[in-house]
Each structure stands twice: as structure tokens, then as C-alpha cells.
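For the record, the sequence lines run as chains A, B and C.
For what it's worth, this note's numbering labels the leading residue of the first sequence as 1004, then goes sequentially.
For what it's worth, this note's numbering labels the leading residue of the second sequence as 61, then goes sequentially.
For what it's worth, this note's numbering labels the leading residue of the third sequence as 325, then goes sequentially.
It cannot be assumed that every hint is accurate.
[Said to hold, decoys possible] In silico DSS-like pairs for lysine-lysine, Cα to Cα no more than 25 Å straight-line:
1. B:221 to A:1262
2. A:1201 to A:1213
3. A:1027 to A:1213
4. B:196 to A:1213
5. A:1093 to A:1162
6. A:1316 to A:1054
7. A:1262 to A:1201
8. A:1317 to A:1262
9. A:1132 to A:1162
10. A:1201 to B:196
11. A:1262 to A:1091
12. C:447 to A:1091
13. A:1027 to A:1065
14. C:375 to A:1093
15. A:1054 to A:1262
16. A:1201 to A:1162
17. A:1162 to A:1091
18. A:1132 to C:375
19. A:1050 to A:1093
20. A:1316 to A:1296
21. C:469 to A:1132
Quick caveat, the hints were computed from the structure, so don't treat them as lab data.
Just so we're clear, the structure is a prediction, and the values are computed from it rather than from any experiment.
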Amino acid sequence: MKYLLLSVLFPVFFLGLVHADSVKIGFNVPLTGFAAADGKSALNGAKLAVKQANQAGGINGKMIELVVYDDQASPKQAVPISNKLIEKDKVVAAISGSYSGATRAAAGVFQSAEIPYISAYAVHPEITKAGNYVFRTSFMGEVQGRAGAKLIGATLQRKRVVLITLKNDFGKSLAAGFKEAAGQFNLQIVNEYEYSIKDRQFGPIVAKVKADAPEAIYATGYFFTAGPLVSQLRAAGITVPVIGQEGYDSEQFIKIAGKASEGTIITTSLDRDSNSSETRSFISEFEAMAGHKVDMVAASGHTAMKVLVAAMKKAGTTSPSAIRNAIAQTNLVASTGSISFNDLGEVQKNVQVQVVRDGDFHYHSEIRDQVLLAPPTR
Amino acid sequence: MLFLDLLIQGLLQGSIYGLIAVGLTLVYGLLRILHVAHAGLFTLGGYICVIVTNQTSSFLLAVLTSMILVGLAGMIIYRICYQPILDQPPFVPLIASIGLFIAMEELFRIFFGAYGLSFTELPLQEPLALMQINLKQAEWITIASSVGFVAMLAFLANRTKLGLAWKATVTDPEIASSFGVNIIQVRYLNFFIGSSLAAVSGCMMAVLNNLVEPTMGSVPSYKMLAIIVLGGLGNVRGTLIAAVLLGIIESYGTIYLDDLLDRDSIAFVFLIIALMIRPQGLFQRH
Amino acid sequence: MAYEISLLIVMGISITAGLSLNLITGFCGQISLGHAAFMGIGAYTSALMTKNGFPFFPSLAAGMLLAGIAGFFVGLSSLRVRHDFLAITTMGVGFLFIGLVRQQDALGGEMGISGIPDPGLGKIGFLLLVLGCAALVILFCQFMKRSWLGFSFDVVADDEDTALLMGLNVTQFKLIAFAIGTCLAGLAGGLYAHNVRFIDPESFGFIESITVLSMVVIGGIGSVWGVVIASAVLSVLPLWFQFIEDYKLLVYGLLLFSVMRFSPGGLSAIFSKIFTRSLK
């Protein structure tokens, strides 16, 4: 009876508390427009982390309140939104669940207001260069590109590679990292083709790749471009390994490419077959909450929030500079690996290699190479 | 061999452009509206195709349903959106159309989800070799349907009473109506046919990519405008030729011009050159 | 204040951009679907210059100049093609611009240009600059509208053939309108670049061109105050619409559509209707 009464009263009590004794974290994310799919997934990941933290007693007794604004992945809108988060909502820290353009524009605003800001999955190299209040919990494109080169040259033992590069900051920085490390693993880049994020028909590129007859294909992209691309490559009778990255990391990729997705290898930060209890519990809780399979973006949103919450607990105050210092000293295990930052606010962790088998992502190998995977420093 | 492969791929891409642009040029020919929301109807066609195929596992039924429903949707758009503002300067229906297109894209996202939809069992994937050219069934059907539908359209226009009425209305609505042509009916029919061609195009796109997404109409929405201008606004045959030519040029351009220019801007280089030489479009209106 | 300042800056830049297109479309009847390209030229020029150590104001001026020169050449094409064809040609120019920028590593390519220096005017100073520019552009447009030049523009906008009959040099007016309009677009672009301090090709793409055009059309083509109000409101609408979350863009699309469908003359037509009614 006592519990029943409590559970009836608790929501009312709780509502009263939200304003009185809560701490606000900002979150800018695309929820409408072309990037909405990734935005929703990242937001769900972050919401899960907030829910877990609040159930565990919040931050030193205070409940976390997530303030979410839709930025449509547009740099133009990100600037006023950041100002609003800082000034109107008085957030103590914020996370970007958005793409590079919006994140880069917002990072400058947060830096000049000296509010800690964490980029969950945007890859643009310039983001953390905004200043010492900006961090990134995901791989930089270059780092992951270098891992791709090692995967093809060392793990798979292939030499002749064709690059199919997505023409945006994501694809370009991956390709740059790949090319940088290619020599180190004796890779010969036969050709590089570029495509736009809006392309779904790759007929001409596929025809040319077929004529090039490479031993492996390093194709950058997101699941919605990679799905059609991989299935068109396979339909043309090209059987060599296709190596993708975290942009492929979604069940949608397998859905779109169907049987053609089998054998596709990707570098990512989420190991589906991981034994780590952190990763296991994240995957099961996320899938129960969101109703669809986990993807890289969701895991990244969750990781960024988890890092921030841990830092805020450690800081013990809501002073932004204390939180910043606590983030900088982060050392924890999240669903996307163990996180610690270098002086630029970039993370160093191992790259997970996953392969599509029987319609699901599974463990293929892991790339542990402290030197190769070292992000740039300040 | 590569040369031929690229040609075929260009032809394939051109056929998709053609189907959607021909529908648009029909609308333009009759009403002088730059009907951007046509690309929204193309997307709608793709969605209906995937949904009906997944429910009934009959692709043919899905295409027919899609053509009819999208055709009707086109008529409704004409009635509700364009008819009341036909006498306004051209940018009024243009902006209205863009607004409608944005709204349609968002409706697809809200109703069917941001991830888009795929077939549970992808139809027409068997390889089929004709004249030593190896393509999937779906690709053959795409090429055949664009040629077939345009031929049918030409037959309709030139050999039937209905076609005559349509041509008369395009040339001079007032004279046509004084000869007893029901202009209103011609306009509805025009929207029906144009929109169902967009639906066919959407269906083929869905099968080729195994994916329909809320934003799949965004590239066609502007590229088809370039095509209908190159084809001579309102000229069906010219539009098909322009579409196929563009498909082929893009196909080679993707491989050989890419360091210089983005594939999507190739169309516009040709457009600008063509318009500077021939301000009335590559092909005269008939 | 910072939030209000950032909103006012966004509004001020949009007003400059909207009015710059209004000079071309409204006063001279030339539809442009690629106006963002000229903002892009202004933005890229000024950003590259300030990044390389040039002072802010000369860089801004250089951006305006280059955009105006580019506009002049596009204006030349408007002498050759008309109406719908011109609309599509300008759209082509827009795509060509981002297509070229995308492939040029010197211009930042896909990665865009980040770390654009702060103009060093402070938040309030920059706001005053933006609002000052917008105010000057408003005054200029009012002046143009009332002056003889503006009258001639109107005739060209209404009917080129009549204008020719009246002995007006249509060619000259079109070129002037294009050059001034695109030059002011370059100004808007330069201000944008130093406000957001990150630019990439997509920021000046087709969607941006359409956004600017809808400001003009919704405000009422040719009406200075209509365009000012529409630019100010439309630019911050997505931010005000946060509370309707998922339906934000849907409402925006339907709004564009509804204004055109029910009041093709835009806001200025609605206002004048209300005004005449209240007089009666």
C-alpha cells in the first residue's frame, strides 16, 4: 500500500522537482529533413543514457533534463540554437547528435561561451579545433580510414584497391586517411571514383570498377547509399571484398542490399558480439526501448551522453569549467569501447571490424594499433 | 566493352529521367506550370509500389495500383492547388508547387518513417542476356517501359480523337473549346497520364534500388526541370531524347569528368550552353 | 541577450538577401532560382580573404564586387533567354557554382571552410553592422522604387515589350538590376560567413535559393516592406516552430503553399486588403 501510494505520488512529486532540482543538458539534432533518420537514432541513444542515469539517482541527486532542438543538420540554424541552449535554457553542457556542418558551427558558439560540447558522431576534423571545450567521442574520419587500409592490406592481404568515395566531409576524410596509410600496407590504389550523397544508381561506376578488376573495394558511404551500391556491385558479378565503415552500420543496410550484403566488412566502433557487459546491456536495452536494431549512431549518442554524465558526477558541481576538466580526464568503458581523450579532445580506441553473416553484423576482427589509430593532437 | 557498358548504364538512367520528365512536360505544355511537386508524385508512386508488392506479392498489381492512385493524386493536386491560381504569374504556382513538394516529403517521412521502405522479396532480379548485353530483368523493363509509354503517348496524341483534342488545347485553348473540346476534361486527363508516368518511374526506381525514401524525389525535382527545358518545354519526343542524352552524358561524365565537375551539375552545363545557343530549347515545340 | 542578438543577426542577413533578390525579381521581373550562388560567391571570397589575414571590411567589399561581376554576366544571359527559361538557367548557375566549389580543394571542397576569423566587432557591434546594412538596403530599395530608375524597372517587370516601345533601354536596366542585386547578395553572403564562421557548398545550394525566393514571393514580389517582414519571419520560423517538432518542415511547406494558393500577392496583398477594408 505504501508503495502504491508512492508510485501514484511520485510522478507528481517528480514533476515538481524537474524545475526545482534538475540539471539541463542541451542536445542539437536533426529531427526533420534529410538527416532525420540518424538524428532520431542518436537521440534515442542519448535518451536511453539519460534514463539509465536518472534511474540510478541522477547526477548527485539531481535529475537530468534533456533539452532537445531540431537543427535540420543546418549550420545556419545551429548558431541561434546553440545560443538559445546556452542562454535561455542555461544548459551546463551540450551534445551534438548532428552532422558535421551543424556541429562545426555550434562548436564555435559553445567554445566562446565556455560550455562543454561533445560531438557524438560528426567526423569533420575541424570540430575539436574550435577549442578546449569541444570533445568528440567517435572516430575521426582519417583514423578510421587508416584502419581500413590496415584491414585490407594486413588482415585481408589484398593489394589492388579501388576507392569509391562519398563526396562529403565523411567520405572525403575517410578516403584521405586511407590514402595516407595505403603506402604503409603496400596497397596500390588503382582508381578512385566519387559519388554524391543523393546518388542511388551507380551503374557507370560499377561498370568501370568491373573493368578495373581490383582485389578489394574500399567504398565510403552511409547505409542508404551503400545498400544500393553493394547490391549493384554484386549484381554486376564483382565478388571481391567490399570494405565499408560505420556509415554502413545499420540494419537498414542489410535490409536494402539483401543477400548481396553477405560478406561485406565494415570498420566501426560497435561490436555486436562483444562480451563486454556494457555493450551487451546497451544493445538489449536499446532494442527494447527503440523497437529496432541498434546502430552505430545510437551507440554514439549513448556513449557521448554517458561520458558527459560521468564527468558531471565526478565534477560534483555544475560549473562548466569543472565539467570540462572532468571530461578531459574521462576514462570509462562505453558501448563503443573505452573512452579517454587526448589534448585535442579526440578519443583513442580500438577499431571494431564487423562482417555481415546470415543477415546480421558479427565480429570479424579488431584493429589495435596505438600508432596507426592515434588521432591528431593539439 | 567498358564503352558499351557505360552506354547501357546511361540509357538506363536516361529512361528513368525520361519517364518522369515526360509526365512533367505534358503538364507544362498544357498549363505552363513548373510542377515541382511532380517529384513528390514520383516518390508516392515508389511507396505505393513497395507497400502493395509487400502485401500482395504481385509487382504487376502494385505498378497498376500505383499508376491509378498517383494519377488520381495528380488530378486532385491540379484541382485543389493549381486550378485556382492558373491566371497568376508563373512563379506563383512554382512556389506553391515547391511548398507542396516539401510538405509531401515530410508527410512520407512522418507516415512511413525516415529510414524509407524496402521490398521483403525483391522482384525482377533474374539476369537476362539480350544481344549479349547482360542486365537484370528490372533494368530491361525500365528501358522498355520508357520507350513503350512514350510510343503509346505518341499514338494517343496522333491517332485518336482524344489526342487531337489534347493537341488542339495545347496549341490554342480558346479555339479548341469553341470546337467543342472540353478543356477541363483534357486538363484532368493530362494530369492523370503525366502523374501515372511518374508513378511508373517511381516503381522502377524502387525495384532498382530496393529502397524508397522520403527524399528520393529531391534530385529529380530539379534535374527534370533542366531536361524539359532542353527537350523544348512541352515537347514529348524532345524531352525523351534530352533525357536519354543526359543519362548517357552523365554516365561517361561520372567516370571521365569527375575531377572537374560534380555529376549533378553536368546537366546544367549542357543546359546553359544549349540555352545560350538556342534560347528556345534544343528542340522546338510542336 | 546573446540569443536575441543571434536571432536578429539571422533576420538582418535574411532581409539583405531577400531584398537583393527582390531587386532582380520584384523590380525587374527576372526570376532567379540560383540566388544563393551569389551569396556563396560573397561568402567564399570574404571568408578566404579574412582567413588569409585581410581585414574584414575590404574582404566584405571584395566579396560584393565579385558577386556583382558574376551577376552581371548572368544578367547578360537574361538578355538572351526569358521567363521560365531564365528561371531554369539561373537554377543551372546555382548548381554549377556548388558543383565547381565541391571539386576545388583550394576552396575547401566538400569540407567547406571553417575557422573563419571573428570580425572583431563584438556581438553587439556585428549586430549593428548587420542591421545597418539591412537598413541601408531597405532605404536604397525604397529610393529605387520611387526614383525614375525604379519606375523604369517596374515597366520592364510588367512588360518588356511595352518598355521597349516607351524607348527604355531594357538591356541596361536588366543588367543594372542583376549587378546591384547580386552584389547585395554577396554582402549577405559575406555577413553570413562571418556570423556562422563555417561555410560549405551545401549552405548555398538549391534549397537556400528557394528559401530566399520564397521570402520574396511570400512578402509580395516588388513590395519592400512585405519582403522585409517575410524575410525576418521566415528566417526564424524554424526556430520558433521547435515546439511542433516533427511537423516543423511540413508546416513550413504548407505555409508556402497556402500563401501562394490563397494570396498570390503575398503578405503585401493581405496587408493592403486589410488596410483598404479598414478605410471603408
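query = Which of the numbered hints are not met once you compare them with the structure shown?
reply = 1, 3, 5, 8, 9, 11, 14, 15, 16, 17, 20 and 21
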